[in-house]
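The primary structure of each chain is shown beneath.
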Amino acid sequence: MKNKKPNFMRSLGLGLGILAALVIYAYGFQVTKVNLAETKSERRQTQLVRILRALAKPEIFAYERDEFTVSLPVMVPCPESGFTPPEPDKSGPYLVMTPACADPRERVIIEGFNFDPFSTGPINFMPADSDVSLQLGTMKVDQNGYFQAEIRLSNRPNDKVQEIHAITRHNIGAPHLTRTAYDTWDKIIETVFLALLATTFGTLLAIPLSFFAARNLMKDISSTLISTSLSILFIPVGVYIGIKAAYWASVISGFLTGNPLYILASFIVLPLLIWLGVRVALPPQEHTRPPLRVRTLRTIILIGVSFAFVLTLYLISYLGLTAGGYLAGHMGSFGFLGSFLRDLSDILNMIITALVALASAGVFSSLAGRLGIVLGRTPEALIRILQTVLAVVAGALLFFLLMAILNWFYEFRNYVALHTYAAIIGGIAGLVLGLTVHPKASLPTGMVIYYGSRTIFNALRSIEPLVMAIVFVVWVGIGPFAGSMALALHTIAALGKLYSEQVESIQAGPIEAVQATGANRLQTIVYGVVPQIVPPYISFTMYRWDINVRMSTIIGFAGGGGIGFLLQQNINLLNYRAASAQMLAIAIVVASMDYLSSKMREKIV
Amino acid sequence: MLKIKNLTKIYEGGVLALDNVSFEVPKGQFLAIIGLSGSGKSTLLRCINRLIEPTSGEIYWNDINITAASDDELRTIRRKIGMVFQHFNLVHRSSVLTNVLSGRLGYVNPAMSIFNRFPKSDIENAYKQLERVGIADKAHSRADELSGGQQQRVGIARAMIQNPEIILADEPVASLDPVLAHSIMQYLEKINQEDGVTVLCSLHFLDLVHRYADRVVALNEGKLMFEGPPDEIDDAKFKDIYGKDAERVG
Ligand SMILES: Nc1ncnc2c1ncn2[C@@H]1O[C@H](COP(=O)(O)OP(=O)(O)OP(=O)(O)O)[C@@H](O)[C@H]1O
Ligand SMILES: [Mg+2]
Chain U
1 MKNKKPNFMR
11 SLGLGLGILA
21 ALVIYAYGFQ
31 VTKVNLAETK
41 SERRQTQLVR
51 ILRALAKPEI
61 FAYERDEFTV
71 SLPVMVPCPE
81 SGFTPPEPDK
91 SGPYLVMTPA
101 CADPRERVII
111 EGFNFDPFST
121 GPINFMPADS
131 DVSLQLGTMK
141 VDQNGYFQAE
151 IRLSNRPNDK
161 VQEIHAITRH
171 NIGAPHLTRT
181 AYDTWDKIIE
191 TVFLALLATT
201 FGTLLAIPLS
211 FFAARNLMKD
221 ISSTLISTSL
231 SILFIPVGVY
241 IGIKAAYWAS
251 VISGFLTGNP
261 LYILASFIVL
271 PLLIWLGVRV
281 ALPPQEHTRP
291 PLRVRTLRTI
301 ILIGVSFAFV
311 LTLYLISYLG
321 LTAGGYLAGH
331 MGSFGFLGSF
341 LRDLSDILNM
351 IITALVALAS
361 AGVFSSLAGR
371 LGIVLGRTPE
381 ALIRILQTVL
391 AVVAGALLFF
401 LLMAILNWFY
411 EFRNYVALHT
421 YAAIIGGIAG
431 LVLGLTVHPK
441 ASLPTGMVIY
451 YGSRTIFNAL
461 RSIEPLVMAI
471 VFVVWVGIGP
481 FAGSMALALH
491 TIAALGKLYS
501 EQVESIQAGP
511 IEAVQATGAN
521 RLQTIVYGVV
531 PQIVPPYISF
541 TMYRWDINVR
551 MSTIIGFAGG
561 GGIGFLLQQN
571 INLLNYRAAS
581 AQMLAIAIVV
591 ASMDYLSSKM
601 REKIV
Chain H
606 MLKIKNLTKI
616 YEGGVLALDN
626 VSFEVPKGQF
636 LAIIGLSGSG
646 KSTLLRCINR
656 LIEPTSGEIY
666 WNDINITAAS
676 DDELRTIRRK
686 IGMVFQHFNL
696 VHRSSVLTNV
706 LSGRLGYVNP
716 AMSIFNRFPK
726 SDIENAYKQL
736 ERVGIADKAH
746 SRADELSGGQ
756 QQRVGIARAM
766 IQNPEIILAD
776 EPVASLDPVL
786 AHSIMQYLEK
796 INQEDGVTVL
806 CSLHFLDLVH
816 RYADRVVALN
826 EGKLMFEGPP
836 DEIDDAKFKD
846 IYGKDAERVG
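Chains as they are written, first to last, in the working numbering: chain U, 1 to 605; chain H, 606 to 855.
None of these hints come from the bench; they were simulated from the model.
Sample of chain U residues facing chain H (criterion: CB under 7 angstroms; computed from the structure):
(1) Leu282
(2) Pro284
(3) Ala519
(4) Val526
(5) Pro531
Each computed DSSO-like pair below joins lysine-lysine, with the alpha-carbon atoms no more than 30 angstroms apart:
(6) Lys440(U) with Lys828(H)
(7) Lys608(H) with Lys440(U)
(8) Lys685(H) with Lys219(U)
(9) Lys140(U) with Lys57(U)
(10) Lys828(H) with Lys685(H)
(11) Lys608(H) with Lys795(H)
(12) Lys440(U) with Lys610(H)
(13) Lys219(U) with Lys610(H)
(14) Lys440(U) with Lys685(H)
(15) Lys743(H) with Lys603(U)
(16) Lys849(H) with Lys610(H)
For the chain H half of the interface with chain U, some residues (derived, Cβ under 7 angstroms), not all of them:
(17) Asn654
(18) Leu656
(19) Met688
(20) Arg698
(21) Ser699
(22) Ser707
(23) Leu710
(24) Pro715
(25) Ala716
(26) Ser718
(27) Pro724
From a predicted model like this one, the values you see are computed outputs, not experimental measurements.
All C-beta atoms, glycine included, are put in the ideal place defined by N, C-alpha and C.
My request is simple: use the sequences and hints to build the entire structure.
Shown next as structure tokens:
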């Protein structure tokens with residue numbers, strides 16, 4: 001008795017479940033517009049056959065075609081005296097019309113002898129009084145070189161002898177590559193290099209970023225509230241100073257590049273200064289910690305060295321631009337090397353400011369963090385006051401900046417008020433933290449960075465490269481550049497995640513051992529982490545290169561350059577034989593990449 | 606002189622791994638740390654160079670409070686404390702020489718070391734240390750091509766190139782056969798006697814303790830159960846340390 005009720009309920013549940021599944025699938029069929037009648041319609045089927053046949057014949061090779069005309073004199077209409085055509089030369093192809101003359105529009109039979117077996121071509125009427133040729137029909141030669149065709153003569157009566165032409169075409173010589181084949185080749189090369197650039201730049205950026213998304217490296221990083229607040233506060237300061245410094249360096253380099261002698265002098269003096277500065281400020285080993293005065297002096301020297309370095313970078317980019325431009329114009333078919341140099345220098349010039357701002361933000365924020373540690377040694381009451389004040393300011397600043405980003409996207413109308421609210425909320429959050437957090441307590445800064453970078457990686461990874469390509473196409477225009485940027489961005493996110501998971505799975509022992517020797521964080525990464533991650537990093541990079549080649553073949557659909565662009569064009573033009581050539585090329589490249597990368601991975605790992 | 610005062614470590618899960626442990630180690634002593642598995646030996650050693658943050662208590666080394674040191678100060682302290690591990694903890698894919706040289710990372714200029722540049726004197730010293738442990742010919746082999754005993758010798762060379770005043774050895778011979786165990790222990794003994802380096806070594810086998818240690822510290826469930834010369838471990842003490850049911854072998 002006890003069992004019955006649940007059993008019934010279970011059956012009911014099952015029935016309802018099946019019903020629900022049916023409804024779901026029915027709805028699925030409806031929204032995906034499943035239409036079986038359409039697949040059976042004759043029009044669709046002939047289309048399908050035509051396309052499949054075109055696809056099976058990729059337009060790669062073609063023959064030079066030769067046209068060969070066989071002519072037959074005829075009279076239309078028949079003259080009084082009758083008409084006998086001259087005896088044809090029966091050693092070659094010749095035509096016979098029965099009857100030999102006829103009225104306009106009369107049906108006659110044309111026969112051909114000694115033609116190339118299986119050749120085809122038009123049968124034309126050549127009126128005597130004009131240059132046109134009127135097609136009467138077509139011929140299909142059988143295996144014996146014979147054909148017969150029933151045609152109707154044109155309505156062009158004339159008392160002169162007129163002619164009927166049978167035109168045969170046949171292939172001569174060896175097959176040669178078509179225009180399509182050449183275009184496909186060009187684009188497939190573009191595709192492969194697009195993938196190469198995207199993989200290279202994506203990898204270069206993903207490697208350092210992946211460390212931020214590795215739990216085992218980040219979990220030990222913590223700092224007190226006072227340090228954290230100071231670090232946050234000094235990020236914008238660092239960015240501002242970095243931008244200013246880069247600006248001044250560019251102004252000075254603009255002045256120096258005005259005179260070749262100055263350039264020469266700077267290329268001697270600057271490296272020397274940098275070398276000397278590094279020698280003085282970074283001694284090879286130290287057994288005791290130098291006093292504060294010495295360390296301050298060293299920091300100042302290092303700042304000078306950094307400025308000299310930025311200046312040198314500007315000068316190098318100027319030289320590269322000039323030299324590249326010159327070479328591009330004077331090296332003939334190797335001009336692309338010059339353009340390459342020029343483009344690299346241009347990229348350098350463009351990113352110096354960003355790099356300097358970033359580096360300076362990092363330096364200032366870490367110096368501020370250290371200041372926080374020093375302040376942390378003051379009496380606890382003082383720290384409490386300091387940390388509260390700093391946390392309020394830092395919180396306000398942080399929220400203000402977040403709101404500025406949102407405002408940039410959405411262009412709020414009442415943005416002044418919104419910024420104020422944001423700053424107030426941030427300030428209050430800071431106040432609460434400042435009042436509640438123990439002065440010596442360490443906040444999990446590392447884990448915050450870890451979750452932040454994870455989230456960014458995951459969000460970026462979930463956006464298809466095709467969608468990214470659309471955004472970049474809008475920014476930099478249709479072409480492979482947009483495609484490589486989109487792929488590079490996706491590569492950063494995807495590899496960043498994969499790499500960081502590799503970092504998380506390395507052995508902790510060696511890292512501990514390196515730490516125990518007194519190594520700092522960067523040294524620990526270089527000596528304890530990097531050697532362990534080299535094989536998986538290489539293997540993932542190859543894997544990604546493989547994916548990028550695949551992706552780059554279709555990124556052109558969104559305007560991102562490469563072979564996809566050509567393929568899409570040909571499909572839209574219903575030029576299926578050309579499209580087939582491109583698909584074949586994609587298949588070959590993808591398959592060989594797949595093979596190559598798996599071979600190389602085997603070798604290395 | 607190393608002073609450990611009321612050291613307590615409670616792990617995140619609530620495990621009390623060290624319970625108010627206090628003792629002193631005079632300079633130049635060979636101290637053995639014994640106890641059952643899970644008694645807190647590794648925790649104790651790792652607290653000394655703060656690979657693990659103690660929950661409370663202090664560790665003084667020549668009047669420097671290690672437990673209160675900032676990150677920068679801690680790195681200068683760690684340079685003078687070498688560590689040898691049960692599983693050697695070499696970086697497998699790096700060469701033996703690089704593994705040894707990584708012992709100098711606390712001393713050298715960080716910027717240079719990033720590019721694998723070490724002063725000439727350090728490189729010479731690395732060869733000398735390898736020679737001392739008898740594997741100079743392996744300097745350019747990859748670390749994972751070496752046998753366990755050889756790897757542990759690299760571990761000792763890495764600790765020695767730090768020019769340490771203290772060596773922390775966490776079961777340095779537990780994964781080696783008895784013959785190799787003695788040869789490794791002899792290197793530690795030599796370092797202790799010739800260079801005057803203080804050695805803190807956790808051990809599982811009492812015969813090794815008797816043979817090499819000047820003094821013994823015994824832990825049981827995080828508590829200090831015994832402190833004194835090895836000869837004083839009689840049957841009663843033995844049962845205190847290893848539990849009522851433990852049998853003494855050999
Ligand atoms: N990271 C950790 N998190 C939580 N508990 C831990 C951690 N490491 C060790 N413990 C616990 O702390 C206690 C002491 O461990 P410890 O490794 O110090 O013992 P041990 O004496 O070195 O043992 P063994 O001889 O097996 O190496 C054990 O109960 C262990 O489970
Ligand atoms: Mg242990």
